[in-house]
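Which chain is which? The protein sequence lines are P, S and E, in order.
Just so you know, the working numbering puts 53 at position 53 of the first sequence, and the rest follows in order with no gaps.
One rule links them: number in the working numbering = place in the second sequence (from 1) + 134.
One rule links them: number in the working numbering = place in the third sequence (from 1) + 265.
Treat each hint with caution, since some may be false.
What the hints assert, rightly or not - Derived coverage of chain P by chain S (criterion: at least 3 residues anywhere in the stretch with Cβ under 8 Å from a Cβ of chain S; other residues may be distant): (1) 18–29; (2) 33–44; (3) 107–118.
What the hints assert, rightly or not - The calculated BS3-like cross-link candidates involving lysine-lysine, where the alpha carbons are at most 27 Å apart (straight line), are: (4) E:527 with S:242; (5) S:242 with E:489; (6) E:398 with P:5.
As the list claims (entries may be wrong) - Label pairs and their computed distance ranges (CB to CB): (7) E:320 with P:10: 28 to 36 Å; (8) E:474 with P:29: 23 to 31 Å; (9) E:401 with S:232: 41 to 49 Å; (10) E:480 with S:203: 50 to 58 Å; (11) E:523 with S:161: 25 to 33 Å; (12) P:10 with S:232: 31 to 39 Å; (13) P:9 with E:485: 33 to 41 Å; (14) E:332 with P:114: 21 to 29 Å.
If you are wondering where the hints come from, they were derived from the structure by calculation, not from laboratory data.
These numbers were taken from a predicted model, which means no experiment stands behind them.
Backbone N, C-alpha and C define an ideal beta-carbon position, used for all residues, glycine too.
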Amino acid sequence: MVMTKDDTVPVRTSEDIVRVRQAVRIWAIELGFGLVDQTKLVTAASELARNTVNHGGGGTVRMEALSNAAHRGLRLTFEDHGPGIADVELALRDGYTTGNGLGLGLGGARRLANEFDIDSRPGAGTRVRIVRWA
Amino acid sequence: MERIPILKMGDFLLVTIQVDMHDRLAIVLQDDLMDRIASTSARAVLIDISALEIVDSFIGRMIGNIAAMSRILDAETVVVGMRPAVAITLVELGLSLSGVRTALNVEKGMDLLQASLRLPAKESADGHDEG
Amino acid sequence: MIENSKISDILQAYEDELLEDWVREQLASSTRRADLISESELRQQSAEFLGAFLQASQGDDPTDITAPQWDHVREILTELSRSRAQQGFTASETATFVFSLKQPLFVRLRQEFGKNGDTFADQTWAVTVLLDKLGLFTTEVHQQNREAVIARQQQELLELSTPVVKLWEGILALPLIGTLDSARTQVVMESLLQQIVESEATIAIIDITGVPTVDTLVAQHLLKTVAAARLMGADCIISGIRPQIAQTIVQLGVELNEVTTKASMAAAFRLALQQSGQSLPKTLQDAARR
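With the rest of the complex left out, here is chain P (with noise of 0.2 Å):
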C-alpha cells in the first residue's frame, strides 16, 4: 500500500475545508479506521478546519500517519498566525462564542478525538494537535 505519511495542507477556504473532511477520510480508510472512528475524527477535522479559516485568518493542517507497534493512528495538526485565544479555557466550554461563533468546535473536537493539545496565544496564533486511534 502506497501512502504518504505526512503532509500538509492549506486551510484558507470555506473549499479547504471540504477538502481536508475528504483527505481525513480517505487516510482514515487506509489506516484502517472503523466507520464510526472515522465519522468521529473527519466531524473533528471539520471543526477545526472551520476555526482555523473563520478565526486563525487561514493556516495549514498537517497529517501524518501514525503506527506504534500495535495500534495505527492519524495526527491532525491545525496551525495558522492569526489572532489566538486569549481565554483558551474558556474557548474550550462548550457553546462559548465571541460573536465570532467559535462554539462547539473547540469542545467538541476534543471530545471526538483521542489526544488533544492547544497552543494559543493572544498575538501568537493558535496551534491545535488531535490524534486519534484505529
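With chain P fixed as given, assemble chains S and E onto it according to the hints.
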C-alpha cells in the same frame, strides 16, 4: 454557484442533501428554503440527510436554524435518514438538535407530518379552536 | 568504545555483496518458507532493511535502537513483522530474518579486521548486540500484532452475537445480559442503531433486567445511545431497571429525565405498541394484562 434543489410535494418541501456541502452552500440552502416556504406557504420541510457521511456543528446549526425559522413561518421541519455513525458523533459533539423532529426515512417523515398536521391546532389565546 | 564508522564503512563498500550473501543464506535456511514468500519478495525486503540499516548505523548512537536514527529501520521491521504475521510466519521465523544478517557481516568484518584481534572482537560484538536487539524487536511487534488480531476477532464475535430481537413491526428489543464493560456496551449499542436502520424500527426497548451492575460509563453509553437513536428518528425505552441499579444511577448523578423507563420488558412492550399506534389482537391483549 451550484444550489441544492428543493422539491415541492403538495404542501411539503423536500430537500435531499447529497453533496459534502461547503459552508456557503449551506447558507444559500438556508436562504433558499426560507424563500420557498414563504412563497409556497408550505406546511412542512423534510430534510433528507441519508447521504451525508458527516454532520458537523455548522450543518447542525443550519438544521437548527431552519427548524426555528420555519416554525416562525408556520411550517414543521423533519430531518430524516441520519446515519448511525453520524448520530453517535453528533451526540459526542454535544449537538442535541432538540426542537428538531426526526424520522428514519422520507416515508416515515411524511407519516409523522400527516399525523401531526391533521391534529387540531392548539387553542388560541381567546379559547377558540383554530382547526 | 564502538567505532561505528568502521561498521558503516564496510556496509557502504560492500552493500551489494552483503545483500547477495545474506539472501543466499536465507534461501538456504531451513526456515526459508518458500511456501509463504517468493525469492523476489525476500530479496526486496532484505534490500530495504539493509539499506536502512546502513543509514542508521552511521549516526551517533548506533546501539540504542530506540534513538531517532533508528526510526526508519523500526518502521520497516514493524511493517515486515505485520505482513509476515499475516502471511503466517511465526515470530521466530521473522526474527531469524534479522539474525541471519550476522553471518555475512561477520565474514566481511573478518576480512577487514581479522588480523587485529581486539578490533575484530569489538566490531563483532557491536554487530551482535545491534542485530539481537532488532531481532527481539520484531518478536515484540509480532506478539502485539497477534494480540490485536485476537482482539479484533473477539470484537467481531461480539458483534455477531448481539441479541437484537424484532418484537413486532417497528419494535426492537435488546435484552442485555451479564456485566457490561465499556467496550462491549459500545459495540452492542452501535449494533442496535444499525439494526434500527435495517428493520426500520421506530421503537427500541433496551432491557437491563439481566445486568447486575451499571457504572457511570455504561450508564453514559446507554444515554448516548438513546440520544443517537432519537436523532435517527427512533425512540428508546429502557426497561428492567432494578431498585439497586436505580439507586446507583441516582448516586452517580446520571440524569435519566429525558429517557422513558419501565420496570419490565412487558410493560415497555405495551407502551411501545401504544406509541406506535398498534394494538394486540383481543386474546393476546387479555394475556398481556394478566
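Here is what the structure says about each hint:
1. 18–29: It holds: at least three residues are needed, and the segment 18–29 of chain P offers 4 whose Cβ sits within less than 8 Å of chain S.
2. 33–44: n = 7 at 8 Å, threshold three: holds.
3. 107–118: holds (count 4)
4. E:527 with S:242: 26 Å, holds
5. S:242 with E:489: This hinted pair holds, its Cα atoms lying about 23 Å apart.
6. E:398 with P:5: This hinted pair holds, its Cα atoms lying about 26 Å apart.
7. E:320 with P:10: 28 to 36 Å: With Cβ atoms ~32 Å apart, the hint holds.
8. E:474 with P:29: 23 to 31 Å: With a Cβ separation near 39 Å, residue 474 (chain E) and residue 29 (chain P) fall outside 23 to 31 Å, so the hint is violated.
9. E:401 with S:232: 41 to 49 Å: Violated: the Cβ-Cβ distance is about 56 Å, outside 41 to 49 Å.
10. E:480 with S:203: 50 to 58 Å: 42 Å, violated
11. E:523 with S:161: 25 to 33 Å: 31 Å, holds
12. P:10 with S:232: 31 to 39 Å: 37 Å, holds
13. P:9 with E:485: 33 to 41 Å: 35 Å, holds
14. E:332 with P:114: 21 to 29 Å: 26 Å, holds
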